[in-house]
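Given the sequences, and given the hints that come with them, work out the whole structure.
Each chain is listed here by its residues.
Protein chains: 4
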Amino acid sequence: MLEELKQQVYEANMELPAKGLVTYTWGNVSGIDREKGLFAIKPSGIAYEDLKPSDMVLMNLNGESVEGDYKPSSDTPTHLELYKAFPQVGGIVHTHSAWAASWAQAGRPIPCYGTTHADYFYGEIPCARSLRPEEIEMEYEKNTGLVIVETFQGMNPAYVPGVLCTNHGPFAWGKDAEEAVHNAVVMEEVAKMAARTEQLKTEVGEAPKTIQDKHFFRKHGPNAYYGNAGK
Amino acid sequence: MLEELKQQVYEANMELPAKGLVTYTWGNVSGIDREKGLFAIKPSGIAYEDLKPSDMVLMNLNGESVEGDYKPSSDTPTHLELYKAFPQVGGIVHTHSAWAASWAQAGRPIPCYGTTHADYFYGEIPCARSLRPEEIEMEYEKNTGLVIVETFQGMNPAYVPGVLCTNHGPFAWGKDAEEAVHNAVVMEEVAKMAARTEQLKTEVGEAPKTIQDKHFFRKHGPNAYYGNAGK
Amino acid sequence: MLEELKQQVYEANMELPAKGLVTYTWGNVSGIDREKGLFAIKPSGIAYEDLKPSDMVLMNLNGESVEGDYKPSSDTPTHLELYKAFPQVGGIVHTHSAWAASWAQAGRPIPCYGTTHADYFYGEIPCARSLRPEEIEMEYEKNTGLVIVETFQGMNPAYVPGVLCTNHGPFAWGKDAEEAVHNAVVMEEVAKMAARTEQLKTEVGEAPKTIQDKHFFRKHGPNAYYGNAGK
Amino acid sequence: MLEELKQQVYEANMELPAKGLVTYTWGNVSGIDREKGLFAIKPSGIAYEDLKPSDMVLMNLNGESVEGDYKPSSDTPTHLELYKAFPQVGGIVHTHSAWAASWAQAGRPIPCYGTTHADYFYGEIPCARSLRPEEIEMEYEKNTGLVIVETFQGMNPAYVPGVLCTNHGPFAWGKDAEEAVHNAVVMEEVAKMAARTEQLKTEVGEAPKTIQDKHFFRKHGPNAYYGNAGK
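Keeping their order, the protein sequence lines are chains G, V, E and L. Residues in the first sequence are numbered consecutively from 1, following the numbering used here. Residues in the second sequence are numbered consecutively from 232, following the numbering used here. Residues in the third sequence are numbered consecutively from 463, following the numbering used here. Residues in the fourth sequence are numbered consecutively from 694, following the numbering used here.
Rather than coming from a laboratory, the hints here were simulated on the basis of the structure. A hint or two may mislead.
What the hints assert, rightly or not - List time: in silico BS3-like cross-link candidates among lysine-lysine, alpha-carbon distance up to 25 Å:
id, chain 1, residue 1, chain 2, residue 2
1, G, Lys219, V, Lys302
2, E, Lys481, G, Lys19
3, L, Lys835, V, Lys440
4, G, Lys36, G, Lys52
5, L, Lys835, V, Lys450
To be verified - In silico contact screen, one side only, chain G against chain V (beta carbon under 7 Å); selected entries:
id, residue
6, Thr115
7, Met193
8, Thr210
9, Ile211
Computed from a predicted model, the values in this text were never measured in an experiment. Just so you know, even glycine gets a beta-carbon here, dropped at the ideal spot from N, CA and C.
Here it is, written out as structure tokens:
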């Protein structure tokens with residue numbers, strides 16, 4: 001069932017070690033078929049080198065596994081909450097990529113210091129608040145999703161396709177699993193550059209709003225003209 | 232038309248991922264045939280692994296595409312202004328390489344702290360001023376070129392073959408596309424070393440003028456004797 | 463004798479250069495057969511590319527070499543003390559991996575700033591005190607082991623599977639040689655992230671205790687549910 | 694003539710890009726035959742991928758090229774002064790490796806913060822003083838050698854097999870070309886760790902003298918017992 005989706009999600013998962021975003025089995029990617037209301041996600045605790053497309057676990061939006069030989073990733077309840085709250089999202093990825101996780105450990109959003117950031121993320125990449133003790137003790141992974149949704153109240157998740165979770169690490173998303181991973185790679189690069197920018201200038205301000213607007217909207221929305229191969 | 236130039240520009244573009252200067256499709260290289268008044272440039276939004284020499288787009292100095300199946304890189308108007316203003320330049324490259332882009336995001340020129348820098352860049356690598364809102368809103372990429380030209384008033388672009396654009400990233404150039412990429416690789420290395428130098432010593436000064444002169448002029452100009460294979 | 467153990471210890475040693483934890487011949491891994499009271503360890507001064515499983519040296523718990531063509535690693539007396547004091551440990555690794563060694567050179571334990579750390583190490587990774595001059599001059603490598611044992615008084619080495627030695631570098635351990643190396647890789651990653659976290663926020667506190675508990679105990683102990691492939 | 698020496702020097706030169714110490718054609722290695730009073734050195738400006746053992750240039754100790762199709766490295770006069778002043782040295786290497794060069798650009802010696810350093814360098818790695826303007830203008834490369842020799846007055850170059858040159862980069866040496874490169878790799882690693890150590894602890898002191906002595910002399914001199922394969 002949904003062999004093409006499983007293949008896509010498999011390939012997106014394999015991009016994580018290929019792009020240096022994960023160590024060992026850390027990280028997981030999912031992708032959803034909105035019509036069928038099912039998403040495919042990496043199984044828990046399987047090494048990337050042993051992973052096969054058919055190992056992807058199919059879940060419904062009630063959080064039930066409907067197909068697959070393995071348990072789904074332990075972070076599945078987080079993915080589920082994001083799919084339920086963000087209807088425009090088609091793929092989700094979680095990693096502990098080192099630069100983004102360092103911002104998360106510092107509990108700081110990543111300011112938009114330049115056009116590399118503005119090409120993909122409109123404004124700062126937010127940092128979700130710490131979970132309260134009771135949110136950690138019960139349904140921790142579900143609450144991780146809910147606190148992300150809380151963070152995005154009044155925001156468009158298509159304009160800011162990623163978030164940091166305090167003391168934890170990044171989640172990113174996109175229209176499908178491949179784009180989610182693409183955005184996770186960009187977030188790691190942007191997190192690295194922002195840290196170095198602050199090292200070079202203690203009192204550094206965000207990039208001017210006009211340049212943030214220019215770069216984001218030349219790539220996104222109805223008037224985009226950048227990176228379009230045309231003919 | 233100009234198959235050799237397209238081949239050179241193609242190879243120079245492929246050096247960007249090989250040298251670790253770009254992520255995904257970021258970055259673009261062009262090279263010019265001054266006699267014919269035409270330059271070849273990477274097409275917009277094509278992945279490096281899919282790029283072929285015949286995909287390079289040929290442009291004239293009025294900014295018109297004269298050959299090619301694709302749209303030219305969105306940054307083409309920047310390249311165009313540099314070719315028009317700097318007649319000694321034969322190749323241009325733009326990247327978001329992480330160390331140079333971090334200096335650009337900090338809005339700081341890269342001071343000449345040592346001979347690695349002085350071997351290639353005579354004095355600091357300047358940082359062009361921020362564009363004004365109206366320069367961003369209309370003809371942004373052209374204005375990016377014009378503000379670089381403004382930065383180099385009274386300077387020799389052959390002596391300082393690169394620049395940072397505030398909140399954006401580096402441009403570099405050379406006598407051809409290959410040398411432009413070579414200078415971009417050196418700028419990234421120099422940007423990394425300069426950041427680390429400042430980490431090691433808060434109050435660090437530029438390298439003495441005599442050693443800057445010695446290193447630059449033993450490699451450049453009529454009395455150069457360094458790196459010349461001889462026979 | 464104990465060919466399977468030697469093979470495991472050989473493979474764990476070869477993981478050190480593969481994971482980028484060692485330069486040249488630095489680093490050594492051992493693994494123990496508790497029933498026979500013998501451990502296998504890397505020989506001293508042999509390049510990784512020349513290493514063979516049969517080169518592993520077999521030692522008894524009196525510190526005597528009982529099989530092998532070479533001298534055991536100079537750090538063997540440290541391994542020996544750890545095996546004697548920590549009966550639950552089945553494998554030990556020592557490296558000079560750069561991030562962990564930098565914390566050791568600073569003489570600082572690595573605080574638990576996030577879940578990457580808490581998934582593997584319960585609380586801070588301690589830094590053993592400096593050896594006294596007389597402990598350095600006589601039986602230095604044995605005393606290095608004893609000071610680690612002293613550091614873990616009242617602690618469970620299965621909950622904190624690694625340590626820093628002041629001015630020196632990290633030791634890590636696990637239920638076997640493979641897990642010891644896995645923990646050494648994680649310690650290096652965690653050391654890197656913790657350094658960057660402090661760079662991003664001067665006054666950073668440890669992750670809240672509840673999240674440390676949650677992450678450690680969802681992976682370890684009787685109620686673990688994370689990273690278990692299930693079926 | 695001296696084909697074996699040329700082969701060794703060729704191989705040592707090829708280690709520089711393999712170990713990530715050089716960009717493009719930067720860096721050069723030489724090795725000497727003390728009986729014949731001749732040293733072999735990398736030719737100037739030849740790309741590493743095009744280098745052949747027969748390209749090595751043979752020089753005598755008067756600084757004259759006695760065999761070879763190319764000009765010797767521009768840094769040859771520096772190598773020459775070191776061979777003349779340090780009779781125990783059999784091989785020399787110069788690079789602009791990024792961490793060591795950053796210390797050189799900061800004009801700071803590398804303090805001995807730990808055992809990785811003490812295993813190879815006894816005490817700090819010194820930083821030679823800046824050359825005076827007249828030393829730069831005339832016979833710059835020779836004077837670079839002389840100021841290193843000046844720095845080592847009263848020191849044993851076999852105990853401290855490397856140096857930084859202010860605003861420039863590192864030189865390292867050893868009993869032959871291979872060991873010189875080995876020491877250059879270690880210096881880069883040690884330079885990296887020392888920078889990170891200072892980032893982690895502002896007021897960090899050198900490693901205690903007893904541990905420096907222990908680590909250096911367990912590997913060097915008549916009582917060495919470390920890293921000796923034995924039998």
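Which constraints among the numbered hints does this structure fail? Numbers only, ascending. Violated: none.
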